[in-house]
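Residue numbers (this note's numbering), protein chains in the order written: chain A, 1 to 213; chain B, 1 to 309.
One thing to keep in mind: the hints can contain errors.
[Stated by the list, open to error] Listed next, the stretches of chain B that the computed footprint assigns to chain A, with coverage defined by at least 3 CB atoms under 8 Å from CB atoms of chain A: (1) 49–55; (2) 112–122.
[Stated by the list, open to error] Residues from chain B shown here face chain A by an in silico Cβ test under 8 Å; the list is partial: (3) Lys35; (4) Gly44; (5) Lys83.
Read the hints as simulated data drawn from the structure, not as lab findings. Virtual Cβ for every residue (Gly too), placed ideally from N, Cα, C.
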Amino acid sequence: MRARNIDRNFRQETLRLSIEESFCRRSQENMMTTTDASALAGLESVLVAAGRSAEIAESDDLYGWLVGSWALDVVRYADEVPPVPFEAEAHFQWALEGRAVQDVWIMPRRADRTAALSKTNNMYGTTLRVWDSTLKAWRVTWVNPVTGHRSELIGRRSGNDIVQLGTQADGMPIRWTFTEVTSVSFLWTGEVLNTDGQTWRVQGQFRARRIQS
Amino acid sequence: VTSAQEHRRQRIFLGAPSSLGLRPPAEGKVPGTFKQPAAFRELGFPRAILAIDAGDVAAPAYRPEIEAASGIRNATAIVTYSKALAAAVGDILDQESFPVVVGGDCSILLGSMLALRRRSSASRRYGLLFVDGHTDYADATSSTTGGAAGMDLALVTGKGSEVLANMEGLLPLVCPENVVAFGFQEPPADSSWSIGKSGIQGITRQMILDSGIETATAVALKCLRRDDLSGFWIHVDADVLSSADMPAVDSPNSGGLALRELTYFLTRAFAHGPIGVQFSIYDPNLDTPDKRFGRPYAKALATTFASLR
């Protein structure tokens, strides 16, 4: 297996080969190039919002403070403390007419991503946090196409923290929290409930510092 | 025991920081019951009962004036909040977990009962074990405060303002015959607070004193252990306690239960497998900064969960 058959590089390569094998190879390549460029601008203009929707009260705004870019130190991941400094990044923005806050969460950070990157400890995924006015809470969906990982949780305020509860694929409860929140930093912790039904095991932990508002 | 079985009754702590149902303690002030979830977290209650903390269902803004249409303060906001709370409680029940809702004032009962009513059918009905120092059976005309926290039992059993009693066209949220009220000070029989003719089964504070807490508890629980009920919800208002044990409430109750009596009662009630519980009306603003009364109260409540089936 070639080292490059992972992640974004793999998908781009697959897409390129697929086009080459098609009947109208050249014209389609041209069309894709044009479509990609205009689609990107078009997507950005319809996805990103300038701020929170008026439908969401300020007191219900759990995630707006995250908008901007963050450098992440991986404190713990996949039940292990990284043996050497391991950095990730995350970028947040209001989306969908201000009814959602979306992020792109990248680990390792783009500067450290290579074609030979393993799927272990590898994220290039997105979280969509959508305000549910009926539930008076945020429905949180995380998808990491690198591994196929997908999680759904419900987010609420808990004192000064944000707690998000859900279940993972095997039915075990998971808890993701934002704690130690300031305007320039936070600690994100992902846990799974142990089989004793009482204690939690930390699966992932990131310490974030703001690099751009 | 499989992990799935273990999680069938996972306890979920849900904060309901609402003071919408109470009168203002003073002009320009908001009742402090909305601080109870934070106080219980500070006291380690979620951890003590081995619960997962799901956070708070945020309440709409409190307004002191009484709404003209209903004669009830914050009626519109309470409808909104009750639906949100019902959705959150329903979500917990859908996961086959055990909701532990910490208010908030007693008007949060509307949200909990709406959650159960939404799940009800001809073959599935739920009961309510209403543990409170008062009947909370006033309506807008007989209430002296205009607060839904004095009307919550009336409203959930179908008496009172249509906008609250008939949410989503589901009147009543719980049939009076499926409710047991426990520990209340009996109002005069001819007062609108009396539940004597309502169909609600009442076990007054005086009856508990006369028969003893053991007998009274057994009678109350027997009333709800019926084949035609799919389970029952427990509402515990802190003012069911004697003001010697719990003065930090809106309406202190000098003749209420001793804390050990409430502990005994809840321990037995939890052994009967309720589907959820809520705790309301403790006001940290009325307690000492070190929570002289809230601390033993929360600790005593936590011990009762040991019997929860």
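Hints, one by one, checked against the model:
1. Taking a C-beta to C-beta cut-off of 8 Å, the region 49–55 of chain B contributes 5 residues in contact with chain A, enough for the three needed, and the coverage statement holds.
2. Given as covered by chain A, the region 112–122 of chain B fails the check, having 0 residues with a CB less than 8 Å from a CB of that chain where 3 are the minimum.
3. Interface hint at Lys35 of chain B: violated, since its Cβ lies 11 Å from the closest Cβ of chain A, which is beyond the 8 Å cut-off.
4. Given hint, Gly44 of chain B at the interface with chain A, is violated; its Cβ is 13 Å from that chain's nearest Cβ, farther than 8 Å.
5. Given the 8 Å rule on beta carbons, the hint for Lys83 of chain B holds: about 7 Å separates it from the nearest Cβ of chain A.
Violated hints, in rising order: 2, 3 and 4; the structure is consistent with all others.
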